[in-house]
Amino acid sequence: MTERTPLPSGSTVPDGKRVDELLDQLSLDERVALLHQFTPGSPRLGLAAFRTGQEALHGVAWMGEATVFPQAVGLGATWNDALLHRIGGAVSAEVRGMRRRDDRVGLNVWAPVVNLLRNPLWGRNEEGYAEDPHLTAAIATAYTRGLRGDHPAYWRTAPVLKHWLAHNNETDRDTSNASVRPRVLHEYDLRAFKRPVEAGAVAGVMPAYNLVNGRPNHVSPYLREQLRTWTGQELLVCSDAGAPSNLVDSERHFATHEEAVAAALRAGVDSFTDHGTDSSVIVGRLRRAYDQGLIPEADIDAAVRRQLEVRARLGEFADADPFAEVHDFDTDTHRALAQEAAEQAIVLLKNDGLLPLEGHTRIAVVGLLADECKTDWYSGTLIRRSTPLDGLRERFGAQRVTYAEGVDRVRLRCAEGWVCVPEDSGAVDDREAIALDPALIAGRTDLPPLHVSPSAEGTELALVDWGAGVLTLRAPDGRYLSVAADGHVRASAERPGGWVVQETYTLEPHGNGHLLKHAGTGRYVSVAAGGLKVADRGTVFEIDVVERGADAVARAAADADVVLVFAGNDPHINGRETEDRTTLELPPHQDELWRTARAANPRTVLALVSSYPYAVPDAHAELPALLWTAHGGQAAGRALARVLAGDISPAGRLPQTWYAADTDLPGLLDYDIIGSRQTYLYFEGAPLYPFGHGLSYARFTYDALFVARPDDTSVEVTFTVTNTGPRTADEVPQLYLRAVDAAVPTPRRQLAGHRRVTLDAGASERITFRVPVADFGHWDVARGRWSVATGPYELLVGASSADIRLTETLHVDGEGPAPRPVLADGLDAATYDEQRGGTEIVDRTRTHGDAVTGEGELLYRDCDFGADGVSVVRLDVAGAGVVDIPDGCRVEVPATGGPYDYVTVDAPFAATGVRDLRVRLGGGVRLARITFAARGTGG
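Per my numbering, the sequence shown runs over residues -19 to 919.
Since the hints were made in silico from the structure, they are not lab data. Possibly wrong hints are sitting among the right ones.
[Said to hold, decoys possible] DEER-style ranges, computed between Cβ atoms:
1. Ser694 <-> Glu205: 48 to 58 Å
2. Ala448 <-> Ala804: 31 to 41 Å
3. Ser260 <-> His828: 23 to 33 Å
4. Ala448 <-> Thr643: 10 to 20 Å
5. Asp312 <-> Trp766: 15 to 25 Å
Since we're looking at a predicted model, the values are computed, not measured. Backbone N, C-alpha and C fix where the C-beta goes; we use that ideal spot for every residue, glycine too.
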């Protein structure tokens, strides 16, 4: 047993003395038990049970009814830090209020998600705020401050940022490697986490499932080397669900689970989320790891202290509950705030004057999203809902609004007869309405299954085509055809949902009909004695189309003054957690609907309601108006109606680039935004809609730009914005930076400031942004640190990244270029300036260090080999393959024994002065480091 070393006092947190006492009095077994998500507490010490983790991304989730705000990407589209602060405050109040009724509601909230929206095909695009680190960090800081609350000592909730680090793919998410070069790491991914942590409103982070540079995030050295250096406050690191087991089971990074949990604990993971509420598995692994000498007791104590300090901040150890009077829930204020957020999230993409609509307009409302108020995996249960159809009928009058969903109405027939939905049995859905893990809620088995009748005409079903061959079938009473654990098909689900969606199907042509394949089980719908059931062999069905959805849309469109086509996605289908999208294109059926509507009535508006961008260049070219909103929560429909009617002017701004085609995107697993020219920062093509884009019903002018240097560490940019339009409206002035003639690739422009302001007609406001000089910098791979280069920089002010109204050039005195001192310091292989081909950064060892492998070329610029030059190159390599230095040497590396078995290989190499160095890799060799011997030293 190792000697227990006392840790520093916890007096920096409220009730720190109690933390010290508990840590001293808890036995080793009790301390180890506290490392699981569900801790048992200690009755003998008066320590209650505790759970880390309460989902609260855009409202309290998974705990029943709550106020539901727009999806996170929609909140990002508001570009309104102050609004996010208020929403965070409302959510934290509801957490406290709900906990008074149900103590399963946790105070350690796992929100927000600050992963940058690098690639819009990411299945969880809805969970992030923006593709830009400045905007993401600003909004996350505001939201976490609201979640934390404004009590001088105690926190209302303890927010945890997700998901550390560089996590933007669901495909193979627990085994894929994000190769993140140092510049991308420091200039992009880390920046989104750093500002909220430095602001002091964050209790911790959650590592992501994936690997970064060949190493699982749950043993990331960046937790200690970066995260914990940003603040003097202890941070609680909570694992993602099942990720500790993945270190062995899927990632094969460690041989045993004891080695895995020990490495994760040493890396900085403090709370292990694994095996649900059963803590025995993880606690057993940790105890055995300790017994095997893999974990020092001091690491256990450090993790326990971090958890206890969070609980102290939450007021658990206070003499009286500091939040006893906080029980706001579903208040008028929260309802109004949900509507305000939904209104501010709406982005007007194009408008040729068709919008806003006049009050007497006869409107055809069509499309799959027209009468939907969709929720996602991290939504609470809606207390109230407003669909676009609801909102428009309320605003314009039901007599002026007609509706056509646009889905095909079908009947299914097989050899035995027609498929029929039985009459509702009247059974009450008595399944558990609240679950800590909604994936555990089983499908209903209390309703009779569908059956086949040889005499009845068959039930007319709504066939909803969501694209990629995925469809849902809905009964006349609105319930979706779902498959429960017994395999029977029932009209039982209010909506598609669940961790494995049980309401989606695909059609496979077979003879003169189709097999109906259930996506959730991978089995086929068949006729059985007890009713329709899934089986390995399916029944062949003929599809009798009673009415084509496009025909209904055409009729409604032809009889209206204006057509509003609501298209988009269901957040549980074709792009969600565990499933990336494969295309930016609008699903073909929905594409057909807007084209059908336009053919019948050119005064057609396309309203996209979605968790992510679409590529809709034809719609942009052919339609007079387009707008976008994320799924807007409980007030989405009313908000859309008010914007369409002109009651308020739209002022949402795109938080990510909308590309024109799939060919504009690199591969989903390409994390090098610099090398592959990703996001508005580096993209060199013509986007369909640029980052920051959003139109208004008003007009704004920008003038009187003034740039000042109040001190050596900051720049002040001041200008005037004037509303020259006839109505009150919001505007979102944006400030961008651009290095002129930079020596290294830098962003084409990067956001440095933003503000959402409300201006009356004719009113002006003077806007000032204060920008740290450090924001002009970049990560200098030659120096291994942040650096601001001497030279001219453009300051660009405008209404979007492409709509620049004012420009000023500023000279900044910083550091001059310097060659790499490779003779003195050598080269870490991963610190290249550029790479070509298929190289990737991988782990040098299982716990620290980087190497580069693959087939390709690495470029290191301006390497200083000294006046006398070098005669030997020394390579730290593992594996087997070839290292080729053109015009220098070619080294054949024999197999070293394994990917972590490094050897040093010397080879003759001559170079003098300052020159670029190119290194080519092949055959799977891993190159970790390059050093050189000066000429005449003999190596």
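Checked hints:
1. Ser694 <-> Glu205: 48 to 58 Å: Violated - the Cβ-Cβ distance for Ser694 and Glu205, about 27 Å, lies outside 48 to 58 Å.
2. Ala448 <-> Ala804: 31 to 41 Å: violated, 56 Å
3. Ser260 <-> His828: 23 to 33 Å: With Cβ atoms ~31 Å apart, the hint holds.
4. Ala448 <-> Thr643: 10 to 20 Å: holds, 19 Å
5. Asp312 <-> Trp766: 15 to 25 Å: 47 Å Cβ-Cβ, so the 15 to 25 Å window is violated.
When the structure is compared with the earlier hints, violations turn up for hints 1, 2, 5 and for no others.
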